[in-house]
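Throw the hints in and build the complete structure from the sequences for me.
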Amino acid sequence: MSPAKQEEMKRENHDGKMSRCTRAAHAKEVARAPAEKRRNERRRKAIKAGSCRSRDAHEAPAKVPPPSSHDKAIHDGGPPK
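Heads up: the sequence shown begins at 26 in my numbering, then just goes up one per residue.
Hints are computed from structural coordinates only; laboratory data are not their basis. Small disclaimer: the values here were computed from a predicted structure and weren't measured. One or more hints might be untrue.
Claimed, not checked - SDA-like cross-link-like pairs, simulated, lysine to any residue; straight-line CA separation at most 25 Å:
hint : residue 1 : residue 2
1    : K30       : R48
2    : K70       : P59
3    : K30       : P59
4    : K70       : A60
5    : K73       : A58
6    : K70       : V55
7    : K53       : N65
8    : K62       : R48
9    : K30       : T47
10   : K30       : R45
11   : K30       : A52
12   : K73       : P59
13   : K53       : R68
14   : K30       : V55
15   : K30       : A50
16   : K53       : R63
17   : K70       : A56
18   : K30       : S44
19   : K73       : R63
20   : K53       : R64
21   : K62       : P28
22   : K62       : I72
23   : K73       : E61
24   : K53       : E66
25   : K30       : H51
26   : K30       : E61
27   : K70       : A58
28   : K53       : E33
29   : K30       : K62
In structure tokens, the structure reads:
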């Protein structure tokens with residue numbers, strides 16, 4: 026949550042405290058950040074080292090097969106003429 030948004034929430038409550046739901050959301054966000062950071066760091070290292078199982082997925086985008094004539098007929102609004 027942005028600092029501006031937090032200030033706005035505090036102003037709404039007048040006493041300078043965060044509301045219960047805001048506090049809970051903030052706590053979740055704070056708790057999630059370190060784990061997410063570790064996970065991303067590990068993934069980055071694995072990709073760099075070349076040991077990541079899905080390394081090729083990161084390097085090249087998946088090729089989408091060309092649409093079949095059946096798909097074209099459906100999307101163009103009817104059977105081919």
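Taking the hints in turn, this is what the structure says about them:
1. K30 - R48: holds, 13 Å
2. K70 - P59: holds, 16 Å
3. K30 - P59: holds, 22 Å
4. K70 - A60: It holds: about 15 Å lies between the C-alpha atoms, which stays within 25 Å.
5. K73 - A58: Holds, because 22 Å separates the two Cα atoms, which is no more than 25 Å.
6. K70 - V55: Measuring from Cα to Cα gives roughly 24 Å; hence the hint holds.
7. K53 - N65: holds, 18 Å
8. K62 - R48: holds, 22 Å
9. K30 - T47: Holds. K30 to T47 sits at ~10 Å (cutoff 25 Å).
10. K30 - R45: holds, 15 Å
11. K30 - A52: Distance ~15 Å between K30 and A52 Cα, so the pair holds.
12. K73 - P59: holds, 21 Å
13. K53 - R68: holds, 22 Å
14. K30 - V55: holds, 16 Å
15. K30 - A50: This hinted pair holds, its Cα atoms lying about 13 Å apart.
16. K53 - R63: Holds, because 16 Å separates the two Cα atoms, which is no more than 25 Å.
17. K70 - A56: Between K70 and A56 the Cα gap is close to 23 Å, so the pair holds against 25 Å.
18. K30 - S44: holds, 12 Å
19. K73 - R63: holds, 15 Å
20. K53 - R64: Satisfied, since the Cα-Cα distance of roughly 17 Å is no more than 25 Å.
21. K62 - P28: The hint holds at about 21 Å.
22. K62 - I72: Satisfied, since the Cα-Cα distance of roughly 15 Å is no more than 25 Å.
23. K73 - E61: The hint holds at about 18 Å.
24. K53 - E66: holds, 20 Å
25. K30 - H51: Since the Cα atoms of K30 and H51 sit roughly 12 Å apart, the hinted pair holds (cutoff 25 Å).
26. K30 - E61: Roughly 23 Å separates the two Cα atoms, so the pair holds.
27. K70 - A58: holds, 18 Å
28. K53 - E33: holds, 20 Å
29. K30 - K62: holds, 24 Å
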